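Novice: Here's the letter readout for the chains.
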Amino acid sequence: MSVPDLLTVDDLYALSGGAQFAWHEVVYDRLESFAAKLTTLRRSLVGELDDPFWQQLTATARSGLWILAGTPLPASHQAISLAATAERLRAMSMVAAEISMHGPIVSALAEDMEAILREDLDPLGDSARSILDGLTEERACLLLRWPRRASAVQAAFGTTRPNGLKLTVGSASALRELDTYDTIVAIGPSTGFESLIAAPRARDNHIVHLRITPDRARKAAVFAHSKSKGQRLQRQVKGVTDEAWAEQLRTSVDGELLEARTEWGAIASGGQRQTQHEDDVEDFVQARLVLLATDLAVYIDAEEGSSNWVLDPRAQGDERVRLEGWRELIPGMFLVLRTEGGSNIAMIADRILGREATRLRGDQQRWKDALRRAARERGMVTALRELRKLGCGVASEQNVRNWTSSSTIAPGKPSDFAAVMRFVGFDGDTDGLWKQVLTIRNAHRQAGQQLRAALISEMGRADLSSLTLTGRLDVEIPALGAGTLSVLRIEDISPDEYEISRYRVDEPFSIEEAAWHA
Amino acid sequence: MVSFSSKPTYHRAEVSPSRPEGRVPSSRQLIRSIEMLHFQGSDWQPLRPWMRFFVELGSMLSTESSEAKRLVIGVSVPARPFAVLFAALGSVLMDAVGNGETSQDASAHFNYLASLPAGTPVSWHRGTNTVLGQLAGTRDLTGQTVLMIKTARGFKQSCSVGACLGIQVLDEDVQLPPHPGKGRPVRGRIPLLTELIPAQAVFSFVSQNALSALMIGTASQITIEAETGFAVPKGSHLLVAPLEELLRIRRTGHPGGSYRSSIVGSNSPRAAKLKNVEPHVVIFDGALPYLRWHASWPTAPTLVVLDRSQPHGDEAAAALDQERSLYRSGKWQLDSDMNIPDGIEVTGYYR
Numbered sequence: 007m008s009v010p011d012l013l014t015v016d017d018l019y020a021l022s023g024g025a026q027f028a029w030h031e032v033v034y035d036r037l038e039s040f041a042a043k044l045t046t047l048r049r050s051l052v053g054e055l056d057d058p059f060w061q062q063l064t065a066t067a068r069s070g071l072w073i074l075a076g077t078p079l080p081a082s083h084q085a086i087s088l089a090a091t092a093e094r095l096r097a098m099s100m101v102a103a104e105i106s107m108h109g110p111i112v113s114a115l116a117e118d119m120e121a122i123l124r125e126d127l128d129p130l131g132d133s134a135r136s137i138l139d140g141l142t143e144e145r146a147c148l149l150l151r152w153p154r155r156a157s158a159v160q161a162a163f164g165t166t167r168p169n170g171l172k173l174t175v176g177s178a179s180a181l182r183e184l185d186t187y188d189t190i191v192a193i194g195p196s197t198g199f200e201s202l203i204a205a206p207r208a209r210d211n212h213i214v215h216l217r218i219t220p221d222r223a224r225k226a227a228v229f230a231h232s233k234s235k236g237q238r239l240q241r242q243v244k245g246v247t248d249e250a251w252a253e254q255l256r257t258s259v260d261g262e263l264l265e266a267r268t269e270w271g272a273i274a275s276g277g278q279r280q281t282q283h284e285d286d287v288e289d290f291v292q293a294r295l296v297l298l299a300t301d302l303a304v305y306i307d308a309e310e311g312s313s314n315w316v317l318d319p320r321a322q323g324d325e326r327v328r329l330e331g332w333r334e335l336i337p338g339m340f341l342v343l344r345t346e347g348g349s350n351i352a353m354i355a356d357r358i359l360g361r362e363a364t365r366l367r368g369d370q371q372r373w374k375d376a377l378r379r380a381a382r383e384r385g386m387v388t389a390l391r392e393l394r395k396l397g398c399g400v401a402s403e404q405n406v407r408n409w410t411s412s413s414t415i416a417p418g419k420p421s422d423f424a425a426v427m428r429f430v431g432f433d434g435d436t437d438g439l440w441k442q443v444l445t446i447r448n449a450h451r452q453a454g455q456q457l458r459a460a461l462i463s464e465m466g467r468a469d470l471s472s473l474t475l476t477g478r479l480d481v482e483i484p485a486l487g488a489g490t491l492s493v494l495r496i497e498d499i500s501p502d503e504y505e506i507s508r509y510r511v512d513e514p515f516s517i518e519e520a521a522w523h524a
Numbered sequence: 023m024v025s026f027s028s029k030p031t032y033h034r035a036e037v038s039p040s041r042p043e044g045r046v047p048s049s050r051q052l053i054r055s056i057e058m059l060h061f062q063g064s065d066w067q068p069l070r071p072w073m074r075f076f077v078e079l080g081s082m083l084s085t086e087s088s089e090a091k092r093l094v095i096g097v098s099v100p101a102r103p104f105a106v107l108f109a110a111l112g113s114v115l116m117d118a119v120g121n122g123e124t125s126q127d128a129s130a131h132f133n134y135l136a137s138l139p140a141g142t143p144v145s146w147h148r149g150t151n152t153v154l155g156q157l158a159g160t161r162d163l164t165g166q167t168v169l170m171i172k173t174a175r176g177f178k179q180s181c182s183v184g185a186c187l188g189i190q191v192l193d194e195d196v197q198l199p200p201h202p203g204k205g206r207p208v209r210g211r212i213p214l215l216t217e218l219i220p221a222q223a224v225f226s227f228v229s230q231n232a233l234s235a236l237m238i239g240t241a242s243q244i245t246i247e248a249e250t251g252f253a254v255p256k257g258s259h260l261l262v263a264p265l266e267e268l269l270r271i272r273r274t275g276h277p278g279g280s281y282r283s284s285i286v287g288s289n290s291p292r293a294a295k296l297k298n299v300e301p302h303v304v305i306f307d308g309a310l311p312y313l314r315w316h317a318s319w320p321t322a323p324t325l326v327v328l329d330r331s332q333p334h335g336d337e338a339a340a341a342l343d344q345e346r347s348l349y350r351s352g353k354w355q356l357d358s359d360m361n362i363p364d365g366i367e368v369t370g371y372y373r
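Those protein sequences? They're chains R and H, same order as listed. To convert, count from 1 in the first sequence and add 6; that's this note's numbering. To convert, count from 1 in the second sequence and add 22; that's this note's numbering.
I should point out that these hints are in silico values taken from the structure, not numbers from a laboratory. Remember, it's a predicted structure, so these values are computed and weren't measured experimentally. Cβ atoms here follow ideal geometry from the backbone N, Cα and C, with glycine treated the same way. Some hints here could point you the wrong way.
What the hints assert, rightly or not - What follows is a list of derived Cβ distance ranges for each label pair: (1) R:144 x H:62: 35 to 45 Å; (2) R:454 x H:260: 34 to 44 Å; (3) H:256 x R:466: 32 to 42 Å.
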């Protein structure tokens, strides 16, 4: 982990006191017409919105709307892929004409999308360019809500503007870094950039948004009754949406259509479809769902004491890769996950154990199975009571579940382990099995160290600058048989927990943008 | 060999009269200390207003709280680094400058040690070294009662009332060596310290344990920030020391070492074990540590630092606002001569 520079932190306090914000409202008539038609359709679909056909149709249209409302690229740009959206809408309009009375409005939606493609406008990009090219400062950042199209936007805008301005394209999570700029231009309403106003990273901040996504200055203060220099951290603002217009808009366009939010339910159901496992029934853990860069998501273990590998691109050498408790994970951090083939820690440990691995794992599985069986047959409450009587001071439902799982090794203390052995009737083997536990634990420790060392070494060679832009970096470690490890930026973490099979934990799965991107 | 006992009890290890009633802490001394401190930017520079503000907030938590009313302060900032460390420095220095050792302290501490059972593990700071041992009762020697300390198997040494402030009770078991030894050197009495706190307070500062500030957050972040060097000019040169030495942060795995503050990871099993500890001040670094642990030290003055660029700030702020509304009679006003620096938002109340 790198030590933050006190002068950098000092700059942030100064910026927080003197930042200026300007809102630029951009008119995009055709998209406004599209949004109004989508609203009309949704309002007329009362009671039918849960139907899979209409769900798919509205999700497709909504996704197109949001992509256009948050991407400073021409409508026909290949990174936006709107041609496919237009085709899908046209096809669905034909079906809609046959099965319902909503055919005409769906057809009008498809026409609007086709016209958007034909006209090939880029109102957000035009507005952003006019701001950037009028600047006299040196460093600017163009902020997008999501990182998915950051590379395409960077390519379209270039890294140096004609006026010599150095431009970085990043996503909202970049605001959690300590980097500062002369100017930040954010694309989309400020609701998508939580800390843009509360913790500014530039003196001049521009919010470029479409008229259909009205915006106003969000409060910077977090407390209800507080004091600060000036008036409760009030910023200098200009150009915010006229309230009368916002009210008028609400009558023609559903606010819900324009909210930037992560649809956790859609992500979770997508994940279930892709990662079903035959052992799902047996071994459940509490998990959080994490949305990652490049349209991936992953369940992480949210049980007490669980942790994940994270990479800190700012740190040097050994400090670059570390284990972080799940509660400490926040958007903007980089998770290290296996994304293709290869081994997990246990498999690397087995390689260290060599020929002994089969025997040791077999014996381990024998007592784990016996414990699982005993807990099921006697009931968890009785099992816990008996374990405590036998001297297991840490007997709890969670711990018993952990001990029966193949992803944990055994109780930490020999006295607790001995109690478990007595409970399952393995008293005579206790000493031998405890020695095996120590051997396996040692191999796991070595495997973790080897993996970390290999990662650190790979990271020393890798170009980490791409991480800022794309939020992803893939690393191959063939020597360990670790397959492809990916460093992935956390974009969002679910507020709720899910109970899922242990086998789904740490297994990234891809998600379709239209399915979750509100 | 030293092993950790299952139930930490190092609140006992603090010198009981570390903040005695009736003693007026020297705010003037603290302000002088802050004015002397420099940080390294492009060159060594006096502390910036926000840095000084946090040092003052930390000291204020100590001075403006009492048994009857504890000050709780919430602060939102544009970036979290260093804020909790400066606040901890305020609390640690205020405790130090307000607490020069006195003969009454020594006498009270002597009586406290004498009341503990034989075998209680202790560290004994003597001169420049620390010896580990066990209490072994008292004895009258030439008309004076002295404390007996067993420092090796079959070997005891006496300690007079005047010297007993160097003895601290440990929360870790001590295995006695077969032969008496010199012990380990006491953790540095760094020159910079003598510039920041009065000379008469330095000995107790380096040799006695007190938890003037407990910092809860992402331990790795706070720890690495604490390695940053600060300086005090002396004549034509500078005395430089890392912040961790000024804060005398408790080091795990160094039994018997003295400390004045501690950093605990909010995800660490240690955090749960610390519920029995009575820190003078608790400082939360971020929303999640506060939301998770704020109920653990209801009687301690508290500072919560919320980074406005991080998630969950609103939840923590709402929790603080809610508690504030419960203590309507506990209104708190920031000193009128204390300017709030750019980018900082402050709220507070007494509970």
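Novice: For every hint, state whether the structure bears it out.
Specialist: Okay, the hints, checked on the actual structure:
1. The hinted window of 35 to 45 Å between residue 144 (chain R) and residue 62 (chain H) is violated, with their beta carbons roughly 25 Å apart.
2. Taking the beta carbon of each, residue 454 (chain R) and residue 260 (chain H) are about 42 Å apart, inside 34 to 44 Å as hinted.
3. Roughly 41 Å separates the CB atoms of residue 256 (chain H) and residue 466 (chain R), a value that falls within the hinted 32 to 42 Å.
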